[in-house]
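> So the sequence lines, in the order shown, correspond to chains G and B. In terms of the numbering used here, the first sequence opens at residue 29 and continues consecutively. In terms of the numbering used here, the second sequence opens at residue 603 and continues consecutively.
A few of these clues could be false.
Stretches of chain G that chain B covers, calculated by requiring three or more beta carbons in the stretch to come under 8 Å of a beta carbon on chain B [claimed, not checked]:
1) 179–193
2) 243–253
3) 295–302
4) 323–332
Only pairs whose alpha carbons sit at most 27 Å apart, straight line, appear in this in silico DSS-like list of lysine-lysine [stated by the list, open to error]:
5) B:Lys924 / G:Lys107
6) B:Lys715 / B:Lys1017
7) G:Lys114 / B:Lys763
8) B:Lys715 / G:Lys114
9) G:Lys107 / G:Lys88
10) B:Lys852 / G:Lys34
11) G:Lys119 / B:Lys1029
12) B:Lys924 / G:Lys119
13) G:Lys258 / B:Lys715
It should be emphasised that the hints constitute simulated quantities derived from the structure, not laboratory data. As the structure is a computational prediction, the values presented were derived from the model and not from experiment. Cβ atoms here follow ideal geometry from the backbone N, Cα and C, with glycine treated the same way.
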Amino acid sequence: MKWLHKDLLDVTQLSKSEAMSLFDTAAHFQEINQRPVKKVPTLKGRSVVLFFAEPSTRTKVSFDVAAKRLSADSFSLSKSMSSLTKGETLKDTVLTLQAMSPDCIVMRHWSSGASRFIADRLDCAVINAGDGRHAHPTQALLDSFTMFQEWGDLAGKTVLILGDIKHSRVARSNVILLNKLGVKVRLCAPRTLLPHTVRSWPCEVYSDLSEAVKGVNAVMCLRLQLERQKDGLLPDLREYAQTYGLGQRHIDLADKDVRIMHPGPMNRGVEISSELADCAQSLVLDQVANGVSMRMALLFLYMTRKGMEEE
Amino acid sequence: MAKKKVDLIVRRAFLKGREVDVHIANGEIAEIRDTETEFDPGKAEVQDAYGLTMLPSMIDVHVHLREPGYEYKEDVQSGLRAAAWGGFGAVMCMANTKPVNDVATTTELMLEKAREHWPDGPRLYPIGALTKGLQGEELAPMAELAKAGCEAFSNDGVPVKNTDLFRRAMEYASDWGKPVIDHCEDPYMAVGSGANEGVVSDRLGLHGQPDVAEALQVARDILLAEYLDMHIHLAHVSCRRSADLIRFAKARGVKVTAETAPHYLILTEDYLEEPETQYSSFAKVNPPLRTEDDRQAMIEALEDGTIDILATDHAPHAEHEKEVEFDIAPCGISGLDTAFATTWALVQEGVLSEETFNRAWVTGPAEIFGFEYNRFNVGDPADFFLFDPEEEWVVGADTMHSKGKNTPLRGRTLKGRVKTHFLRGKKIV
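The following block holds chain G by itself, in its conformation from the complex (with noise of 0.2 Å):
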C-alpha cells in the first residue's frame, strides 16, 4: 500500500478505506506487543521527535513505547524542557528541530491549529497528537479501532458521548471518523459544555442522560475539565457528577453488551463511577493497549511514505 499523506492533522484527511487500512496495521503490530520481546528493526535509524507543549501522560508514553517497539530512535521535548519558555516561537523551535534532520515530529499544543502551522513549515512528517480543541486524530483512531476489535463492522452501532464536548478535539475528532465509519453517534451534555452550532453536526444531541444512553452500543465519557465550575459553565462538580456522571442506572438502560470507554485521565465519582470505570465491559485499558498498537501503525506509514513511494 502506498500512503501518501506527509502528515497526520486530522481525520477529516482520511478515507473509510484509509482508516481500515490502519486497522489492519495495527491489528498487525497488535501481535508484535505480545510476544515475549516486543521489538522489530522496522523503524531502525529513523528518528521521532516527541514534542509535548502541554502535559500528557498515556500519549506519550504511547508514542515514546510505540517508537522504540519499531527500533526508531525517540526524543522527547516538553514546553517547560524547550526554549518555547525563554520566549522562541513555535515555528523557531519547530525548525531548530528540524535541522536535527528528524523523520517525523509529533506534537501535542494548547492552541488548535497548531499542528496545521508546523507541518507547513516543516518538510518532515507532522502528527498531530492533540491541537487545542480542535483534533485528536489518533485517539479516534485507537478508539476506533478499538470498537473494530469488539465488533468487526461498526456499521449501523450507535456511540454515545458523553461530557465536555465543547472543549473536547477527543469528540471532534470522534464524530467525524465515527461518522465514516457508518457509526450513529450522539452527544449529551450540558448546553454550557456543546458547541454553539452543534446542531448541525452529524450527531444526536441530549441533555437528559437516560434518554441519551437508551440502546446505545458503547458510552465513550469525557473527563470534565475541574476548572470548567470557574469559568462559569458549572454550578458545581456534585450536580455534575449527580446529572451527567455516568452510573449502574444508566448503563441497565443501554445495549446489554454495551461497552464503556473513556480516553483518560479519568475523574472517577465525577464523569464515570469507579465501578464503572473497572468493570468487565470497560474497554479503557484495551484503549490504551491498542493505543500503542495504532501509534505504531502510525509512525511506520508516515515515517516510511517516500520509501514505499520509491518502491
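Go by the hints and put chain B onto chain G.
Relative to the frame of chain G, chain B by itself:
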C-alpha cells in the same frame, strides 16, 4: 473678480464618465472642461492623465499608525505613505499607542511627525483616548486633547466596560464638540477570540466571539445616544444584528452613525477553513470575519445608508507577530494599501453603487467628522488621485507601502492601482 492663475492642469483624466481637463489654481479646482484638442498650458504645470481615472481623495477615519511605541509595526511616516498610495488624503489615527494618546504631548508628537515627513499631507487627525490609559476607569483630559488637535475620542481596542463612565465620557466629549467613536464589543462575551462563534469556529475548535457580543454594545450605545440626545459613531460594525439595530435607531431619529471595513464586505469566516488558509492569523481580526449572511447585510446596510461610511481599521503588525499560533497572534488586518482596489472592485461588479462608494469614502466621513472635501466644484480643494483602472497587481510584501503586510489578501490579484495623488494641487506621491 480677476480669474485665478492656473498653476496645474490635469489633462485627459476620466472624471464622472467623461474625459476632461481639470484646471487647478492655488490648490483649488478652478475649472473642469472637456479635453481640448488645441491645448496651450501657458505657464501651468501639466499632468497627463490619459487612461487614468480621477477620484476625490478618500478619508479613512479609523487607522492605527502605531507611533509612538510600536514603530516597528508602522510609524506616522510609513502609515501616511500607505495612505497616500492608497488614495487617502486624510486619516484619523486611534489612541492605542504606547504611551496612549491621552495627553497633549502625544497628540503633538503625532502631528509633528506628520508635518516633518509629510508637510503637504496626507492630513493626520489624531483621535484621543476616552479614558486615561484606555483603562476605562477615569476620563481622559479631553479638553487638553481637543486643544492639541484631537478630532474625536475613542477607547478603540479596549471598550469601556462601565456604562456609567461611558455615559460621562460622551457627555464630557460633547462639551468640546468632538464625536465619540465606540468599539462595540461586550468585553465579557468577547474574551480571547478572533474568530466568529459559529460552525467554523466550532469545527476548528477556536474560541468564538458571538455576533451578539457586538450587537449588545451597539444596542447600549444607541440607547445612550437617544437618552442623552448626543451623536455617537460606531466603529467597524460587522454583523446583521448590529445593522438591524442601527437601522431601527436611525428610523427613530437617534444621532448614530456607523462604519464597516472593507474586509467585512469581501471576506467571511470561511477563509479560516479553506484548505490553503486554514487557521491563518492574517484573517484574525476584531471583530472577527462573520458569516456570508453578515457580509450580505453589511453590503445592504452600506448601500441603504444604515452604515454611513467605510473605514479600514488599518492594523499593521510585524511579520513575526502574526507568524505564530492563531490563539496568540494579535488581531488586525493591514488595510490602507488594499482598501481602494477592493471596494472599487465592488463598484465595478455592481455590488456597490458609485454614489455609495463616494459617500463611504469621501462625503460621509467628511460630514460626520467635519472635514473639507472635494466635490469637483469650482473652489473645492484640489484633493484627488489618479488611478489606472486596468492595472492588475498582486498584494504582497513588495507591493504594499505599509510596514504591515498582514492581510488575508496576500497573494491575491487586485485590479485598480493608484498612480499619483494630489492634495491642494500638490503632488504627494
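> Each hint should be assessed against the structure and marked as holding or not.
Hints and how they fare:
1. Requiring three or more residues with a Cβ within less than 8 Å of a Cβ of chain B, the coverage given for the stretch 179–193 of chain G is violated, as only 0 such residues are present.
2. For the stretch 243–253 of chain G, the proposed coverage by chain B is not satisfied: 0 residues have a C-beta within less than 8 Å of a C-beta in that chain, short of the threshold of three.
3. Against chain B, the stretch 295–302 of chain G contributes 0 residues with a C-beta closer than 8 Å to a partner C-beta. That does not satisfy the three-residue criterion, and the hint is violated.
4. Counting residues of the stretch 323–332 of chain G whose CB lies closer than 8 Å to any CB of chain B gives 0, so the stated coverage by that chain is violated, three being the minimum.
5. Annotation: proposed proximity of lysine 924 of chain B to lysine 107 of chain G holds, straight-line Cα distance about 21 Å (limit 27 Å).
6. Restraint check for lysine 715 of chain B and lysine 1017 of chain B: not satisfied, since their Cα atoms lie roughly 32 Å apart, outside the 27 Å limit.
7. For the hint linking lysine 114 of chain G to lysine 763 of chain B, the alpha-carbon distance of about 34 Å lies beyond 27 Å, and the restraint is violated.
8. Taking the CA atoms of lysine 715 of chain B and lysine 114 of chain G, the gap is about 36 Å. The hint is violated against a cut of 27 Å.
9. The straight-line distance between the Cα atoms of lysine 107 of chain G and lysine 88 of chain G is roughly 13 Å, inside the 27 Å bound, and the hint therefore holds.
10. With a CA separation close to 55 Å, the supplied pair lysine 852 of chain B and lysine 34 of chain G exceeds the 27 Å bound.
11. Of the supplied pair hints, the one linking lysine 119 of chain G and lysine 1029 of chain B is violated, its CA atoms being roughly 43 Å apart against a limit of 27 Å.
12. Straight-line distance between C-alpha atoms of lysine 924 of chain B and lysine 119 of chain G comes to about 11 Å, which keeps the hinted pair within the 27 Å bound.
13. Proximity of lysine 258 of chain G to lysine 715 of chain B is assessed by CA-CA distance (about 48 Å); at most 27 Å being required, the pair is judged violated.
In terms of the numbered hints stated before, the structure departs from hints 1, 2, 3, 4, 6, 7, 8, 10, 11, 13, listed from lowest to highest.
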